[in-house]
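**Q** Same order as they appear, the protein sequences are chains A and B.
For the first sequence, our numbering assigns the number 1 to the initial residue and increments by one for each residue that follows.
For the second sequence, our numbering assigns the number 85 to the initial residue and increments by one for each residue that follows.
Keep in mind the hints are simulated off the structure, nothing from the lab.
It is possible that some hints are incorrect.
Here are the simulated lysine to aspartate or glutamate pairs, EDC-like style, with alpha carbons at most 20 Å apart [as the list claims (entries may be wrong)]:
#, chain 1, residue 1, chain 2, residue 2
1, B, K447, A, D45
2, B, K418, A, E49
3, B, K90, A, E17
4, B, K446, A, D34
5, B, K229, A, E17
6, B, K446, A, E49
7, B, K418, A, E21
8, A, K82, A, D34
9, B, K229, A, D45
10, B, K90, A, E31
11, B, K446, A, E17
12, B, K446, A, D39
13, B, K90, A, E49
14, B, K248, A, D39
15, A, K42, B, D416
16, B, K285, B, D245
17, B, K278, B, E318
18, B, K278, B, E244
19, B, K248, A, D55
20, B, K383, B, E394
21, B, K229, A, D65
22, B, K248, A, E21
23, B, K248, A, D45
24, B, K446, A, E21
25, B, K447, A, E21
26, B, K248, B, E279
Residue-level listing of the chains:
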Amino acid sequence: MSASYDEVLRRLNKQLETVAELNAEFDESTELVDGLGLDSFKVLDLLLEVEDEFDISIPMNVLADVRTVADMAKRIHELGPKAE
Amino acid sequence: MSLFDKFSSLASDREALLSVGFDPFGTPIEEVYSPTEARIDGRRIILAGTNNYLGLTFNAECLQAAHKAIDEQGTGTTGSRMANGSFAGHRALEKELAEFYQMRSAIVFTTGYQANLAVISGLTQAGDVIVIDSDCHASIYDGCKLSGADVVRFRHNNAEDLDKRLARLGERANNALIIIEGIYSMLGDRAPLKEIIEVRKKYSSLLVVDEAHSLGVLGETGQGLIEECGVLNEVDFVVGTFSKSLGSIGGYCASNHPELDFLRYASRPYVFTASPSPSVIASTRAALPILRDGKHLRKKLWNNAQKLYEGLSELNYELGPEISTVVAVMLDTKEQALAFWRGLLEHGVYVNLVFPPAAPGKKCLVRCSVSAAHTDEQIEKIIAAFADLGSLVK
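Sequences and hints are given; from them, build the entire structure.
**A** Laid out in structure tokens, this is it:
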């Protein structure tokens, strides 16, 4: 069974907490770069962690269309990761 | 929002950089005395950040060949390889590179950057998949972008991680293009090539090895990591540059795949740029046999590398993971790195200043590259400069 969008978002948020700038508050609409203080390479490294968390392959070129936390969660959800 | 808004953070960073008197990311070199010395800011400085690994930029045979080519063929080709820019020298160098690698054919490109752009974007297209080491050079990232293929990264120098990511690709892994480097330019570490080849054998992926920093540096005849590991026949494409060990500018790709030649028609960075100048080709051709036969140069190079690495290690600097011709000192902040870089220059030593994301991880680097042309005395002076500046980091 694949994970629901809410489950994807919950697990993604847990990962974002580890990479976001100290005390950065965020929600679905937060931008990864401007809102979380991630530079382009931190976003790429986040992608490695996300791929491992959900055991899926996410080509880095999809990031061209990913600006917010919700964008990222939607892309992961579309790839049908397994539920926990 | 203005087009120029994106420069605002660069503008403040630049102001800090200029506080040293000039831009470290464009250090004005006023006069070059030799492969290892130049005048900077009015003073004679030891060059320890030029990637001039074999010190061939002033080699008499290379100079003579370049002079002769200018006299006989002029200053430039004024055209693309596909139009009027394929002179006899370009073709001869391609043949010599193919022979050097004992491969079917080779293609010459105008720069090393363009070699990666041309090979990657020529071999792959939208719908294909490329798997790259996360620490690959910007030219590899840019080649991937130009190709339109799906790009997956694996953790730096981690063959197990590569295997995991290829497995996730399922059937697509069998047609993937894997790209790694022989020696990584920032920390000087070698790729675990044999392990990567074992992983690649599980799939039918193709393998590209960029030997930019390992050509002339590794292997009995200087072919690079592929020669050191004895895996010449297990690599599909070897890419490299003339602008380091060969002392000129340009790039190449060698391969046993006959399809390599189709890049001459299908690769935009090959087709839509002027070919290298005749003098560049001539000095490169003169340098190639010197590189091939230069065991004594490699011996001196590695002696210098070991001496510098161990000297800085004894001073308790945080260095890259192995003794290498690139010796990178890792520092915590941009301010610290900038002060350190300026301090080295004041002590008569030029190195490269590198900030993230060009430097891997969060660290900043003062990056040295060693040359076979460095004398023992110069290496000792470089170590002494680092010793004097220890208080800046402790």
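**Q** Each hint: holds or not?
**A** Right, here's what the structure says about each hint:
1. With a C-alpha separation of about 15 Å, the suggested pair K447(B) and D45(A) falls inside the 20 Å cut-off, and the hint holds.
2. Under the criterion of a C-alpha separation no larger than 20 Å, the hint pairing K418(B) with E49(A) is inconsistent with the structure, at around 27 Å.
3. Taken as a hint, the K90(B) and E17(A) pair is broken in the structure, with Cα atoms around 26 Å apart against an allowance of 20 Å.
4. Our distance criterion of 20 Å between C-alpha atoms is met by K446(B) and D34(A), whose separation comes to about 18 Å.
5. About 29 Å separates the Cα atoms of K229(B) and E17(A), which puts this hinted pair outside 20 Å; it is violated.
6. Our distance criterion of 20 Å between C-alpha atoms is met by K446(B) and E49(A), whose separation comes to about 17 Å.
7. Taking the CA atoms of K418(B) and E21(A), the gap is about 18 Å. The hint holds against a cut of 20 Å.
8. This hinted pair does not check out: K82(A) and D34(A) have alpha carbons roughly 30 Å apart, beyond 20 Å.
9. Taking the CA atoms of K229(B) and D45(A), the gap is about 17 Å. The hint holds against a cut of 20 Å.
10. Note on K90(B) and E31(A): the hinted pairing holds, with a Cα-Cα distance of about 16 Å set against a maximum of 20 Å.
11. A threshold of 20 Å between alpha carbons decides the hint, and for K446(B) with E17(A) the separation of about 18 Å falls inside it, so the pair holds.
12. At most 20 Å may separate the alpha-carbon atoms for a hinted pair to count; K446(B) and D39(A) meet this at roughly 11 Å.
13. For a cut-off of 20 Å, the pair hint linking K90(B) to E49(A) is broken: about 28 Å separates their Cα positions.
14. Proposed proximity of K248(B) and D39(A) is contradicted: the alpha carbons are some 26 Å apart, above 20 Å.
15. With a CA separation close to 17 Å, the supplied pair K42(A) and D416(B) stays within the 20 Å bound.
16. Restraint check for K285(B) and D245(B): the C-alpha separation of about 15 Å stays at or below 20 Å, so the hint holds.
17. Restraint check for K278(B) and E318(B): the C-alpha separation of about 10 Å stays at or below 20 Å, so the hint holds.
18. Between the alpha carbons of K278(B) and E244(B) the distance comes to roughly 12 Å, so the proposed pair stays at or under 20 Å and holds.
19. Annotation: proposed proximity of K248(B) to D55(A) holds, straight-line Cα distance about 9 Å (limit 20 Å).
20. Taking the CA atoms of K383(B) and E394(B), the gap is near 16 Å; set against the 20 Å cutoff, the hint holds.
21. At roughly 14 Å between alpha-carbon atoms, K229(B) and D65(A) fall within 20 Å of each other, so this suggested pair holds.
22. For a cut-off of 20 Å, the pair hint linking K248(B) to E21(A) is broken: about 29 Å separates their Cα positions.
23. Between K248(B) and D45(A) the alpha-carbon distance is near 16 Å, which keeps this suggested pair within the 20 Å criterion.
24. About 13 Å separates the Cα atoms of K446(B) and E21(A), which keeps this hinted pair within 20 Å; it holds.
25. Distance restraint check for K447(B) and E21(A): the Cα-Cα separation of roughly 16 Å lies within the 20 Å cut-off, and the hinted pair is therefore satisfied.
26. With a CA separation close to 13 Å, the supplied pair K248(B) and E279(B) stays within the 20 Å bound.
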